[in-house]
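So in my numbering, spot 49 of the sequence shown is number 49, and the numbers just go up one at a time.
Hint data in this document are derived by calculation from the structure and do not stem from the laboratory.
Every value quoted in this text rests on a predicted model; they were computed, and no experiment measured them.
The beta carbon of each residue, even a glycine, is placed where N, CA and C say it ideally should be.
Watch out, some of these pointers could steer you wrong.
[Said to hold, decoys possible] Pairwise CB distance ranges, derived in the manner of DEER restraints: (1) 183 to 22: 30 to 40 angstroms; (2) 76 to 112: 16 to 26 angstroms; (3) 155 to 187: 24 to 34 angstroms; (4) 152 to 76: 37 to 47 angstroms.
[As the list claims (entries may be wrong)] Here are the simulated DSS-like pairs of lysine-lysine, each with C-alpha atoms no more than 30 angstroms apart in a straight line: (5) 171 to 147; (6) 156 to 193; (7) 30 to 149; (8) 156 to 113; (9) 193 to 171; (10) 113 to 162; (11) 156 to 118; (12) 193 to 50; (13) 147 to 30; (14) 30 to 118; (15) 149 to 162; (16) 171 to 149; (17) 193 to 162; (18) 113 to 171; (19) 147 to 162; (20) 171 to 118; (21) 50 to 147; (22) 118 to 149.
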Amino acid sequence: MRNQFFTKGQKFSVGDPMTDTLWDSYLPEKFQTLSPFQWTPISVIERTWKYLSADGVTSVVDLGSGVGKFCIHLSLLSNHSIDILGLEDREELVSLSNSLKVNWETPNVEFRKENFLKEFPVGRSHYYCFNPLYETMKGSHSIDSIKQKSAIQFLKDLQSLKQNLLLLTPKSKLITFHGFGGNFLPGFRVVVKEEISGGEYLVWERE
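Input sequences plus hints: build the corresponding full structure.
Right, here's the structure in full:
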């Protein structure tokens with residue numbers, strides 16, 4: 001099990017700088033091609049850890065964790081010092097994430113097959129998402145065709161996400177890359193705004 005994906009990837013030695021090409025090489029080919037559009041870039045994960053390490057982080061939730069890239073690499077950067085939870089509603093991606101978790105030896109990362117719009121995990125200090133509602137948009141580079149794509153569905157999901165985020169306690173943080181699906185988040189203020197890897201990177205604080 002441990003070598004299921006490592007044998008497919010490029011050779012990696014501890015201390016070598018991590019790159020997207022290297023990390024993605026451990027993925028099945030069909031998921032490698034989606035990486036520029038669906039999985040968080042290494043530079044964004046590194047920026048996130050730089051922010052989190054100075055912000056009193058205790059736990060992180062990735063809303064729509066995909067293949068687990070953000071969670072697993074963040075765990076490595078943090079030297080496994082924080083609890084990290086990835087929520088993903090595709091069984092195939094959860095299974096892949098758990099295999100990669102074993103290979104990268106990140107036991108403090110947990111992946112669950114859950115829809116965060118219906119089962120939202122409150123009580124964490126920080127949340128992260130990379131345009132988590134993209135799969136309901138009529139765009140290209142989708143993971144699959146399972147989810148219904150329509151403007152009505154997107155707006156419905158966006159409203160559900162906003163309502164869930166209002167459950168967060170004051171001072172909780174939401175970190176977004178390429179947005180959360182909207183431009184305005186009631187009950188939050190922006191504390192960081194940057195451009196990274198061709199996308200907008202924001203940190204929102206619950207007021």
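Verification of the hints:
1. 183 to 22: 30 to 40 angstroms: Holds - the Cβ-Cβ distance for residue 183 and residue 22, about 34 angstroms, lies within 30 to 40 angstroms.
2. 76 to 112: 16 to 26 angstroms: The hinted range 16 to 26 angstroms holds for residue 76 and residue 112, with Cβ atoms some 20 angstroms apart.
3. 155 to 187: 24 to 34 angstroms: Cβ of residue 155 to Cβ of residue 187: about 19 angstroms, so the range 24 to 34 angstroms is violated.
4. 152 to 76: 37 to 47 angstroms: 40 angstroms, holds
5. 171 to 147: Measuring from Cα to Cα gives roughly 33 angstroms; hence the hint is violated.
6. 156 to 193: Satisfied, since the Cα-Cα distance of roughly 26 angstroms is no more than 30 angstroms.
7. 30 to 149: It holds: about 21 angstroms lies between the C-alpha atoms, which stays within 30 angstroms.
8. 156 to 113: Judged against 30 angstroms, a Cα distance of about 21 angstroms means the pair holds.
9. 193 to 171: Holds - the C-alpha atoms of residue 171 and residue 193 are around 17 angstroms apart, at most 30 angstroms.
10. 113 to 162: At roughly 21 angstroms apart (the allowed maximum being 30 angstroms), residue 162 and residue 113 satisfy the hint.
11. 156 to 118: 12 angstroms, holds
12. 193 to 50: 14 angstroms, holds
13. 147 to 30: Roughly 18 angstroms between the alpha carbons, so the hint for residue 147 and residue 30 holds.
14. 30 to 118: Roughly 28 angstroms between the alpha carbons, so the hint for residue 30 and residue 118 holds.
15. 149 to 162: Distance ~19 angstroms between residue 149 and residue 162 Cα, so the pair holds.
16. 171 to 149: 34 angstroms, violated
17. 193 to 162: 19 angstroms, holds
18. 113 to 171: Roughly 27 angstroms separates the two Cα atoms, so the pair holds.
19. 147 to 162: 20 angstroms, holds
20. 171 to 118: Holds, because 23 angstroms separates the two Cα atoms, which is no more than 30 angstroms.
21. 50 to 147: 34 angstroms, violated
22. 118 to 149: 18 angstroms, holds
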